[in-house]
Amino acid sequence: MRKTSSLFSAALFAVALCAGGQGVARAQDAPPGDAAEGKRLYLATGCFTCHGRAGQGGALNGPAPILARTAMPFDGFMGQLRQPINEMPAYSEIVMSDKQIADIYAFLQTLPGPLPTKDMAIFKE
Amino acid sequence: MSKRRPLPDPDRRKFLKGVTLAGAAAAVTPPVAAAAQGAAPRAQLKAVAPGPIQAALETSSPEKDPQTQTTSGGDFMVDVLKTLDIDYLAMNCASSFRGLHEAVINYGKNVRPEILTCNHEEIAVAMGHGYAKMEGKPLAMICHGVVGLQHATMAMYNAWCDRVPVYCIGGNILEANKRGNSTAEWVHSAVDIAASVRDYTKWDDQPASLQHFAESAVRAYKIATTPPMGPVLLSLDAELQENPISDGEKLHIPKLSKVVPPQADSGAIAEVAKLLVNAEAPLIVVDRMARTPAGMARLVELAEVLQCAVMDRFGRTNFPSRHPLNQTFRRNVVVAQADVILAIEMNDHWAALNAFHDRIVRTSQPLYKPGTMIISLGLRDMYLKANYQDFGRFSDIDMSVAGDGEASLPALTEAVKKLVDAGRKSAYEARGKRYAAARLAMLEQAKSDATVGWDAAPITTGRMCAEVYAQIKDEDWSLVGNTIGNTWPMRLWNIDKAHRWNGGSGGAGVGYNAPASLGAALANKRHGRLTVTFNGDGDLLFVPTTLWTAAHHRIPILYIVQNNRAYHQEYMYLQTMANRHGRGIENAHIGTTITDPNVDYATVARGFGVYGEGPITDPKDLAPALKRAIAVVKRGEPALIDVVTDPR
Chain A
1 MRKTSSLFSA
11 ALFAVALCAG
21 GQGVARAQDA
31 PPGDAAEGKR
41 LYLATGCFTC
51 HGRAGQGGAL
61 NGPAPILART
71 AMPFDGFMGQ
81 LRQPINEMPA
91 YSEIVMSDKQ
101 IADIYAFLQT
111 LPGPLPTKDM
121 AIFKE
Chain B
1 MSKRRPLPDP
11 DRRKFLKGVT
21 LAGAAAAVTP
31 PVAAAAQGAA
41 PRAQLKAVAP
51 GPIQAALETS
61 SPEKDPQTQT
71 TSGGDFMVDV
81 LKTLDIDYLA
91 MNCASSFRGL
101 HEAVINYGKN
111 VRPEILTCNH
121 EEIAVAMGHG
131 YAKMEGKPLA
141 MICHGVVGLQ
151 HATMAMYNAW
161 CDRVPVYCIG
171 GNILEANKRG
181 NSTAEWVHSA
191 VDIAASVRDY
201 TKWDDQPASL
211 QHFAESAVRA
221 YKIATTPPMG
231 PVLLSLDAEL
241 QENPISDGEK
251 LHIPKLSKVV
261 PPQADSGAIA
271 EVAKLLVNAE
281 APLIVVDRMA
291 RTPAGMARLV
301 ELAEVLQCAV
311 MDRFGRTNFP
321 SRHPLNQTFR
331 RNVVVAQADV
341 ILAIEMNDHW
351 AALNAFHDRI
361 VRTSQPLYKP
371 GTMIISLGLR
381 DMYLKANYQD
391 FGRFSDIDMS
401 VAGDGEASLP
411 ALTEAVKKLV
421 DAGRKSAYEA
431 RGKRYAAARL
441 AMLEQAKSDA
451 TVGWDAAPIT
461 TGRMCAEVYA
471 QIKDEDWSLV
481 GNTIGNTWPM
491 RLWNIDKAHR
501 WNGGSGGAGV
511 GYNAPASLGA
521 ALANKRHGRL
531 TVTFNGDGDL
541 LFVPTTLWTA
551 AHHRIPILYI
561 VQNNRAYHQE
571 YMYLQTMANR
581 HGRGIENAHI
591 GTTITDPNVD
601 YATVARGFGV
611 YGEGPITDPK
621 DLAPALKRAI
631 AVVKRGEPAL
641 IDVVTDPR
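Going down the list, the protein sequences come from chains A and B. Oh and the first sequence: position 39 is 39 in this note's numbering, straight run, nothing missing. Oh and the second sequence: position 488 is 488 in this note's numbering, straight run, nothing missing.
FYI, nobody ran anything at the bench for these hints, they're computed from the structure. C-beta: ideal position from N, C-alpha, C; glycine also. Some clues are possibly wrong.
Rough simulated footprint, nothing fancy, chain B against chain A, three-plus residues with beta-carbon under 8 angstroms [said to hold, decoys possible]:
1) 36-50
2) 84-92
3) 116-124
Pairs of lysine to any residue residues, derived as SDA-like cross-links and limited to a Cα-Cα distance of at most 25 angstroms, are as follows [to be verified]:
4) A:LYS124 / B:ASP455
5) B:LYS433 / A:GLU125
6) A:LYS124 / B:GLN471
7) A:LYS124 / B:ARG628
8) B:LYS473 / A:PHE123
9) B:LYS447 / A:PRO116
10) B:LYS620 / A:LYS99
11) A:LYS39 / B:ILE594
12) B:LYS497 / A:PRO116
13) B:LYS473 / A:PRO114
14) A:LYS118 / B:PRO324
15) B:LYS433 / B:GLU414
16) A:LYS124 / B:ILE472
17) A:LYS39 / B:GLU570
18) B:LYS433 / B:TRP454
19) B:LYS620 / A:MET120
20) A:LYS118 / B:ARG491
21) B:LYS473 / A:GLU125
22) B:LYS137 / B:ARG526
23) A:LYS124 / B:GLU570
24) A:LYS39 / B:ILE472
25) A:LYS39 / B:GLN569
26) B:LYS634 / B:ARG526
27) A:LYS124 / B:MET490
28) B:LYS369 / A:GLU87
29) B:LYS473 / A:ILE122
30) A:LYS39 / B:ASP455
31) B:LYS447 / A:THR117
32) A:LYS118 / B:LYS634
33) A:LYS99 / B:ALA578
Work out the full structure: start from the sequences and follow the hints.
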């Protein structure tokens, strides 16, 4: 059940990637997680190398999406970690437990998202 | 006890007696003197005739050992080079081309070509690589034909993969009996210096006479600059350079006539035009199309007639980044929607239209839908070599049209215009509006994305690129180098002219960016442009003495070191490998990170005579540092800012 749900959520994630946006729905059903522990894990397990320390996104051979305040449902997020699409390396249960994934997810929700750019002088032409 | 002296050789005693008597007999003895000597009996004279060697020494002229000369082959070679529109000769000096070197600086007055002093032959070639793309013509590079060429090879490979002309010359000593006693002349000579680079040069030769040199030198330039372009190599014998010219009045320098690149066949053009006009969702994908500043305008005209999506692979500056039809960052959408794809001068056709999965079992799938008509237009297939696999994976293509992309566009555009009627025009306008709306949305999204982690340290690449653009956007700026995976300039900046971007390395050989950027900056200098480059820290460490060349030759350029303190691509690959094995990434830093100690690039720069500032770790310090550095560059000098960034 989880695998099917994960694959479906991963597909949604892929569509979100293609559309270049993060979607509008916030995660509602994530299990509780320890954000401080999540930050430690995010760095220790190498998430930051592709997705950036602030979850700002990056690239491996293709784009690695923004994770700060990700709107991806938790099941999809876990599915992407276990059986990722594209080139993301997989995080098996050996290197990351379900609880640790929940911690990372909680950490990502604490990161500042994008700023409103309309009045930022730096972007004025 | 004293040593006994050996008894004299009796035969020698007789010989010496004979010589003495012969010498005495040779003198004219006047009768009075003879009478005065008394009537002693004369011994029979036995003169020994000299042998052939002694006779030759006594009768022939002394061996020639001239000390000066009034002509030299090198002088003639300079005459030839001056006909080839070569502005610069980049080099690290070497004895095997001392003849030509001296001729350039004295006979040629160090003008056209002017020598660029480099501290590694790789820098010399890469400067040529960047210069040629920006200026539209090659510069020359000269090196030791053996050890210097070995240094130069990776940069030549990059130029080959990128299809860029670099005019390379290697010094050599062909005649074995002319190589000196010193070890260097033998280990620096070869029968065939080009053997090591023949797989990634277009052409090479080893002239045996000055007339041969003249013809080969002109031919080499012509071949290098004929699309598909590429590096060439001349092996130059030292004796040919140094010896006086005999029969100089018979020497002739042939004319250089540059090849006009071929346009595609008119019938093929007509067919392509029909396919594009009838398509519901045509897509143009382009990589190395723009050879000259005219290329961008030609593609804009075609795209606007069709109101079709354009996807740029950034091998050259092919299409304005903010043009409403630029759909580069909607790649998956536009490729999936396309029913006709026209791919122009592609480097890697397959990679542009397929997705590849770097997994334990490597798989791939096309990004386009079944039944999509794929057309290739370009010259790449006209000249390929087999050993190095830079030609990429063989692609499913429905129609291959041979012709220079840029040269063929006007005819294609005219053919399209003739077929577009009012009905189609109206349909095109509708799709054009959709693309324009998507393009605007992408720009706003890019700005929003760049603000994530805006105040974070290490500094995000989005913040870095936004800050840089804010300082240069009102100048005549030129971005001549970039780091791996950094798409922010293409997403955020207004790339609207041919010189705004200079393409990548071609062969992904590390150590390209710093010197190639410098070569492009040299080209930009005469146009008064503000040259900027993002340089990876690892890349700069391969060729740090590029900075000295920048200072020495007063080449204005702003190096922004994107200092993520690692060979980060390889770090991520190790992470991938470790994850496959469930081993964690605790050791992935081994062999990949550049820390302990951290390199202080500002101090390195200052050591080479370049203004240096950093490391900048707080994003708020970026703008003031950039202002200071840009002021230096606008004074005509190089500058470097070390920015400590997040990995990507």
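*asked:* Next pair to validate is B:LYS620 with A:MET120; report whether the Cα-Cα distance is within 25 angstroms.
replied: 14 angstroms, holds
*Is A:LYS124 close enough to B:MET490, meaning Cα to Cα at most 25 angstroms?*
Measuring from Cα to Cα gives roughly 17 angstroms; hence the hint holds.
_Just to be careful, I want the Cα atoms of B:LYS433 and B:TRP454 compared with a cutoff of 25 angstroms; is the pair within it?_
32 angstroms, violated
*asked:* So if I understand the rule, the pair passes when the alpha-carbon distance is 25 angstroms or less; does B:LYS369 with A:GLU87 pass?
replied: 22 angstroms, holds
*Proposed proximity, B:LYS634 with A:LYS118 (alpha carbon, max 25 angstroms)*: With a Cα-Cα distance of about 31 angstroms, the restraint between A:LYS118 and B:LYS634 is violated, given a limit of 25 angstroms.
*Taking only the CA atoms, is the gap from A:LYS118 to B:ARG491 under or equal to 25 angstroms?*
With a Cα-Cα distance of about 17 angstroms, the restraint between A:LYS118 and B:ARG491 holds, given a limit of 25 angstroms.
_Satisfaction of hint between B:ILE594 and A:LYS39, Cα-Cα up to 25 angstroms_ = Distance ~24 angstroms between A:LYS39 and B:ILE594 Cα, so the pair holds.
*Has the given pair, B:LYS634 with B:ARG526, been kept, meaning a C-alpha gap of at most 25 angstroms?*
13 angstroms, holds
_Hint consistency between A:LYS124 and B:GLU570 [alpha-carbon to alpha-carbon, up to 25 angstroms]_ = 37 angstroms, violated
*Holds or violated: A:LYS124 with B:GLN471, Cα cutoff 25 angstroms?*
Holds, because 12 angstroms separates the two Cα atoms, which is no more than 25 angstroms.
*Are 3 or more residues of the region 36-50 of chain A near chain B, judged by a Cβ distance of less than 8 angstroms?*
With 6 residues in contact (Cβ-Cβ under 8 angstroms with chain B), the coverage given for the region 36-50 of chain A holds.
*Between A:LYS118 and B:PRO324, does the CA-CA distance stay at or below 25 angstroms?*
At roughly 20 angstroms apart (the allowed maximum being 25 angstroms), B:PRO324 and A:LYS118 satisfy the hint.
Of the numbered hints listed earlier, those contradicted by the structure are 10, 12, 18, 23, 24, 32.
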